[in-house]
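J.: Below, each chain spelled out in residue letters.
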Amino acid sequence: MSQINVNTITNLDETGGPVIVGITTVSGNFNVTGVSTISGLTYPTAGPLSNRNLIINGDMRIDQRNAGFGTAVGTATAGTYGLDRFWGYTGTGSVWTTSRVSTGNRDFPFANRLQRANGSSSTSPIYWRQIIESANCSYLAGQTVTLSFYVTAGADYSGSALQVNIYTGTASDEGATALNTAAWTSLATPLNSFITPTTTRTRYTFTATLGATVQEVAMGITFTPSGTAGTNDFIDITGVQLEAGSVATLFEHRSHGDELARCERYYQQSWTGGASDATSYDGDLIACPVSNSTGTLFGTTFLRQTMRATPTLTEAGSGTLSSGWAIVTGSGTPVAKTSILAAKADRRTIKLSVPVTGVSGGQAYTLIGNWTASAEL
Amino acid sequence: MYQEVNHVGGGRGMVKLLKNGLTTFIPFDPANTDYQKYLAWIAEGNEPLPADES
Numbered sequence: 001m002s003q004i005n006v007n008t009i010t011n012l013d014e015t016g017g018p019v020i021v022g023i024t025t026v027s028g029n030f031n032v033t034g035v036s037t038i039s040g041l042t043y044p045t046a047g048p049l050s051n052r053n054l055i056i057n058g059d060m061r062i063d064q065r066n067a068g069f070g071t072a073v074g075t076a077t078a079g080t081y082g083l084d085r086f087w088g089y090t091g092t093g094s095v096w097t098t099s100r101v102s103t104g105n106r107d108f109p110f111a112n113r114l115q116r117a118n119g120s121s122s123t124s125p126i127y128w129r130q131i132i133e134s135a136n137c138s139y140l141a142g143q144t145v146t147l148s149f150y151v152t153a154g155a156d157y158s159g160s161a162l163q164v165n166i167y168t169g170t171a172s173d174e175g176a177t178a179l180n181t182a183a184w185t186s187l188a189t190p191l192n193s194f195i196t197p198t199t200t201r202t203r204y205t206f207t208a209t210l211g212a213t214v215q216e217v218a219m220g221i222t223f224t225p226s227g228t229a230g231t232n233d234f235i236d237i238t239g240v241q242l243e244a245g246s247v248a249t250l251f252e253h254r255s256h257g258d259e260l261a262r263c264e265r266y267y268q269q270s271w272t273g274g275a276s277d278a279t280s281y282d283g284d285l286i287a288c289p290v291s292n293s294t295g296t297l298f299g300t301t302f303l304r305q306t307m308r309a310t311p312t313l314t315e316a317g318s319g320t321l322s323s324g325w326a327i328v329t330g331s332g333t334p335v336a337k338t339s340i341l342a343a344k345a346d347r348r349t350i351k352l353s354v355p356v357t358g359v360s361g362g363q364a365y366t367l368i369g370n371w372t373a374s375a376e377l
Numbered sequence: 378m379y380q381e382v383n384h385v386g387g388g389r390g391m392v393k394l395l396k397n398g399l400t401t402f403i404p405f406d407p408a409n410t411d412y413q414k415y416l417a418w419i420a421e422g423n424e425p426l427p428a429d430e431s
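Those sequence lines, one after another, are chains A and B. Using the working numbering, read the first sequence as starting at 1 and increasing by one per residue. Using the working numbering, read the second sequence as starting at 378 and increasing by one per residue.
Bound-form chain B, shown alone (with noise of 0.2 Å):
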């Protein structure tokens, strides 16, 4: 599942994303593979978690 990502000092780059045990955090850059993997999953309506407290 994906989750937002709050960056210190505010602004969001990237969304994390935990597999296999290990978190991975995904960039907003339209050439990263993975991100169009996430553009395409929010194409088909799903929302990311909501970042943590930071």
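Bound conformation, chain A alone (with noise of 0.2 Å):
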């Protein structure tokens, strides 16, 4: 093995460091200093360099319930699910929408808008929020973290300064109606920051330093608006992440399948689009489902991910649907119409029963309908 004992290695006109390729093994205690950037990069100061992003579908890419349509916020403390895992709420219902925006941008897509209606004049602030599961988040306790994301103002923005802030509980899984009514064990909010939003899309970077007997973590950004709106009042949100460590490192991008995969886990339904597209007898098809004597039909659906809980099941539908499911035979036609009588679930799958006349026992039909499943927090 040959050995090169310099203390300073230049490129050929000494004007610089030299340009080293090739290099497959650094071993020993080999120490590079002087290095401000790599590449333009900043690397974590804690936590993986993997899957580092504790927010869901913080490129906003995903939205199972509405498929881009825009979907009023309500003033339930449960919250109004827009784009999957990022909910709202608000004193004055049907003010504001929450809606996933195509940006025009390569590098994030999409955005989530939040747009108060043009004419309003309604003051009424807004909530927007993701709760991330205790399993996920509980060793962040003792940790300092950091929120990131990007802001773009709508031309007509009438918003006071967005105030930032992370929450933190000392439970489990408390979820959004009391996370919303002040209610999580211990709440406390680590970060609590002003931004002022312009037109320019721009990212924020907070640090926090959360407790250290914290089980539960959510972002928020809450702003109020004032006077009359007008056509473009809304802030675009993307990019958010949150992970360990005291920088913001670049957004982690994942693939679809895997951004869609993870917002499963919180919320499936069976049809893909918007809820109006849940309209007609391409719903989901419940294989065989075999009658009784007693002219019941029981069918099983497996859920495409398994849940955070048990979900709560929701016949959805509307046109042709929308009183309840359908009953077909071997030739495509309806021949029935009925509601689910009872259902059954567990994190995998859905177990329906379904009372339906003019069957025969023993035989083998098709149930058609669509449902939502949520496990949401």
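Rather than coming from a laboratory, the hints here were simulated on the basis of the structure. Here a beta-carbon is modelled for each residue, glycine too, at the ideal position from N, C-alpha and C. Treat the hints with care, as some may be off.
One side only, chain A facing chain B, incomplete, derived with CB under 10 Å [unchecked claim]:
#1 Ala141
#2 Glu259
#3 Ser339
Simulated crosslink set (BS3-like; lysine-lysine; CA at most 25 Å straight-line) [as the list claims (entries may be wrong)]:
#4 B:Lys414 - B:Lys396
#5 A:Lys351 - B:Lys396
#6 B:Lys414 - A:Lys351
Starting from the two chains in their separate frames, assemble the complex, guided by the hints.
T.: Next comes the structure, spelled out in structure tokens:
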């Protein structure tokens, strides 16, 4: 083995450092000093190198419920879910909408737009938040964390400064309603800062240190509008990241499939597209439920991801499926419409029993309808 | 208003809630936040409607 003993290595014209290629192994006490930038990257100061971002759907690409259509933010303290995992609530219903919008940018094609209705004079604030499941964040107890996101204000943005918060509690998964009513156990706000958004997309970063007994964490943005809303009284938020450490690293772009799977741990629905798309007999097909002698069909369908908890099931649909589910024969012709009598579920399956007349015991039928399953916090 | 649900074959594992014209089934899972609200509603002295005859 050859060995070179030198103090300094420079390039040929002695104007700077050399380009070193082909190094496969560096061993021993190898110290590199004087490097201020490596390709402009900022590396984590703590936490993992991958799966750093604890926020799910931080780039706003997944919108299972509305598929890009806006939905009104309600007054219920349980929150109104718009884009997956993000929810909002307000003091005055139907004034605010939450929607996924296209930004035209390659790095973040989507944003979550929070918009006050044009002409509205309501000055009720809007609260926009995401809670992180305790199983995914309790390791942050006692650590420094960094929250970062991008904001662009609409041309008519009338709001006050954005209030940016991190919330913590010392119990497990107490949920949105308890957070919104300040009922989390030992609720604390280790981050409470304000920023003034502009019409130029800007990244903001914040650092906070969490308590030593923290078991649940949420991030939130709150603002209050003023005057009468114009056409573009909104803000667009994207690139939300919460990570361990004291620096905001580059946003962690995950694959679309990965992000969707993460969202489906908390919410799934049987159809794609917005709520208005659950209108026809192309809904979820429950494979061959078999009727018993009293005219009840039984069907089971499997959830796409194991959910956080046993989900709440809701019959969904409008138009031709508005009044329930359809029983069809082999020809595909609906023979009966009905509602679900009872449902059972666990974290992986849905089991339905459906009363229907005119079916024969022991026969196989097809049950078609749409459902949502929610295990949100 | 909540309503009890009888499963075919016996047993209860959910309650039913009619809301916004849609039927919702809420499982008896302590980790489910809708069930937590149901328990809070019960704690206020309320009672669900009895299950439909099946």
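J.: Once the shortest beta carbon distance from Glu259 of chain A to chain B is found, is it less than 10 Å?
T.: 23 Å, violated
J.: For the hint on Ala141 of chain A, just tell me whether its beta-carbon gets within less than 10 Å of chain B.
T.: 20 Å, violated
J.: Does Lys351 of chain A pair with Lys396 of chain B here, judged by a C-alpha cut-off of 25 Å?
T.: 21 Å, holds
J.: Does Lys396 of chain B lie within 25 Å of Lys414 of chain B when you go C-alpha to C-alpha?
T.: Roughly 14 Å between the alpha carbons, so the hint for Lys414 of chain B and Lys396 of chain B holds.
J.: Holds or violated: is there a CB of chain B closer than 10 Å to the CB of Ser339 of chain A?
T.: 6 Å, holds
J.: For a C-alpha distance cap of 25 Å, please report whether Lys414 of chain B and Lys351 of chain A respect it.
T.: The given pair, whose Cα atoms are some 23 Å apart, holds under the 25 Å limit.
Violated hints, listed in ascending order, are 1, 2; each of the other numbered hints is respected by the structure.
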